[in-house]
Each structure stands twice: as structure tokens, then as C-alpha cells.
Amino acid sequence: TQLLEQSPQFLSIQEGENLTVYCNSSSVFSSLQWYRQEPGEGPVLLVTVVTGGEVKKLKRLTFQFGDARKDSSLHITAAQPGDTGLYLCAGAGDSGGGADGLTFGKGTHLIIQP
Amino acid sequence: NAGVMQNPRHLVRRRGQEARLRCSPMKGHSHVYWYRQLPEEGLKFMVYLQKENIIDESGMPKERFSAEFPKEGPSILRIQQVVRGDSAAYFCASSPLFLAGGNTEAFFGQGTRLTVV
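Protein chains in written order, with this note's numbering: chain A, 1 to 114; chain B, 1001 to 1117.
Because the hints were derived from the structure by calculation, they are not lab data. Idealized CB from N, CA, C, for every residue including glycine. Check the hints yourself; a few may be wrong.
[Stated by the list, open to error] As a list, the in silico EDC-like pairs of lysine to aspartate or glutamate whose alpha-carbon atoms are at most 20 Å apart: (1) K1044/B x E38/A; (2) K56/A x D71/A; (3) K106/A x E1068/B; (4) K1044/B x D83/A; (5) K1051/B x D100/A; (6) K57/A x E1105/B; (7) K106/A x E41/A; (8) K70/A x E1105/B; (9) K1044/B x E41/A.
[Said to hold, decoys possible] Facing chain B, according to a computed beta carbon distance under 7 Å, are these residues of chain A, among others: (10) Y22; (11) E41; (12) T48; (13) G101; (14) K106; (15) G107.
[Stated by the list, open to error] The calculated label-pair distances, taken between Cβ atoms and stated as ranges, are: (16) S1058/B x S7/A: 23 to 33 Å; (17) V1083/B x Q113/A: 31 to 41 Å; (18) V1117/B x R60/A: 42 to 52 Å; (19) G1016/B x A78/A: 34 to 44 Å; (20) N1053/B x Y22/A: 28 to 38 Å; (21) G1073/B x G16/A: 42 to 52 Å; (22) Q1081/B x I111/A: 36 to 46 Å; (23) T77/A x S1058/B: 37 to 47 Å; (24) K56/A x K1071/B: 33 to 43 Å; (25) E41/A x V1117/B: 18 to 28 Å; (26) S7/A x K1071/B: 40 to 50 Å.
Let's have the full structure, built from the sequences with the hints guiding it.
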């Protein structure tokens, strides 16, 4: 059973469209982090959300942490080809007593076509 | 401030050999985490270390795998008698504080891609 479920798993859209990626869990996390990973590289941290209901913006990216700290979403406005990549959500300090590291979802493979 | 440094970037080993993967955390970070990533799968937690101590190794196979983070020098992930199934990308991350506390962040290295032939 995957502790963190990400959806969709794959998404291919045209440049200029908007999209939302979801990260859901039955566990409560003390924080949740979003990473972006490109082929052959390590994950690069985009944002950390800590407080339930928190919203953070990073240029055209908007991140939200659910009120109960069990889920999160990433919304991209006017997607560009440079946004193409694997987006990973990762939770820390889950209430399910998981490992002390981050628990990752399987990721969303995003392709933005010119 | 240099990021998390991993070496080698690529490592090829024959079945039965040993693989040693190194990770130097970011300056000031005393918490190190190792993850394994297989194609089309997410990153799987292996082990969490703090200087000279293994804090949580619940994700690490009990045989052939070991990890250390000595007082001086990089953290080492060691895989003895490698098998083809060990082929994967291994990532190291570091943080200045305990992740589960919620008020810190983990930064990743570029990974070591291990291929067992």
C-alpha cells in the first residue's frame, strides 16, 4: 500500500494550459515537500508546506497543504515546456509511524508540449 | 555552499563484487538519508543516519547492505556481493534538523547509478 498517492501518474498537455497535481494520504504529516526531478538528476526541492491550509506561490506554481495535513496539491498556471519533469510529493513525520525519512509518492510525469 | 555531493555518479559492478557509494552532506547538516529509486517507482527510504549513529534502518535489506556516517568523512552505503536486482539509482539527502520535526528541509544529491552486470 502506497502511503502517499499521487495523481495523475502521467499528464501531457499543451503549452499555456493550466493543470493540478494531487497528493493524498490517510496519514497526517508534520510537513510535506514537493520536488521536481529531471532524468539522470536528483530531486530538487521546490517548496515545503508545514501548516494546515497553507498556500505557497512560486511564480506560476501554487502549492496548497490540506487543512488536516493529509493532502496537498500543486497547481501550474500557463504551463511552459520548461515545466516538463517528474513532480514528487514527500511527507515527513507521518502519523502512521513510518520511517524517519521522507515518504514519497510515485510521482507525476508531466509533459508540456510546445 | 556546496550542495549534497555523491560519488561516483555511475558505478558498474559485476555480480558478487562490492559497491561503495559515498555521500557528503551539505555543510552544517548532520542528518543523512539514503534512498533507492527504481524505474517507474518512487524513491524508497533505506536508512537514516546522524553522525556516527544509525537512527532508522527499517528500509534497508538486512543482508548485504550496510551504511555508516563516521565522525569525519562522508556517509558510505555499502552493498556486498551485488546482484542484478541491486541495479538502481541511489540518492542521498541531508538536512540540518530531524525531518519528522516538520521545521526543516531535505536536499538531495545527484545520485549514484549502480549497474550490476
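Evaluated hints:
1. K1044/B x E38/A: Measuring from Cα to Cα gives roughly 17 Å; hence the hint holds.
2. K56/A x D71/A: Roughly 14 Å between the alpha carbons, so the hint for K56/A and D71/A holds.
3. K106/A x E1068/B: violated, 27 Å
4. K1044/B x D83/A: violated, 24 Å
5. K1051/B x D100/A: holds, 15 Å
6. K57/A x E1105/B: Between K57/A and E1105/B the Cα gap is close to 17 Å, so the pair holds against 20 Å.
7. K106/A x E41/A: holds, 16 Å
8. K70/A x E1105/B: Holds, at about 18 Å.
9. K1044/B x E41/A: holds, 16 Å
10. Y22: Status violated, d = 15 Å.
11. E41: holds, 6 Å
12. T48: holds, 5 Å
13. G101: It holds, given that the least Cβ distance between G101/A and chain B is near 4 Å, below 7 Å.
14. K106: Given a least distance of 4 Å, the restraint on K106/A holds.
15. G107: holds, 6 Å
16. S1058/B x S7/A: 23 to 33 Å: Given about 27 Å between the Cβ atoms, the range holds.
17. V1083/B x Q113/A: 31 to 41 Å: At roughly 40 Å between Cβ atoms, Q113/A and V1083/B fall inside 31 to 41 Å, so the hint holds.
18. V1117/B x R60/A: 42 to 52 Å: The hinted range 42 to 52 Å holds for V1117/B and R60/A, with Cβ atoms some 43 Å apart.
19. G1016/B x A78/A: 34 to 44 Å: violated, 53 Å
20. N1053/B x Y22/A: 28 to 38 Å: holds, 37 Å
21. G1073/B x G16/A: 42 to 52 Å: holds, 50 Å
22. Q1081/B x I111/A: 36 to 46 Å: With a Cβ separation near 40 Å, Q1081/B and I111/A satisfy 36 to 46 Å, so the hint holds.
23. T77/A x S1058/B: 37 to 47 Å: Taking Cβ atoms as reference, T77/A and S1058/B lie about 39 Å apart, which means the hint holds.
24. K56/A x K1071/B: 33 to 43 Å: Holds: the Cβ-Cβ distance is about 37 Å, inside 33 to 43 Å.
25. E41/A x V1117/B: 18 to 28 Å: holds, 24 Å
26. S7/A x K1071/B: 40 to 50 Å: Since S7/A and K1071/B have Cβ atoms about 44 Å apart, the given range 40 to 50 Å holds.
When each numbered hint is compared with the structure, violations occur for hints 3, 4, 10, 19.
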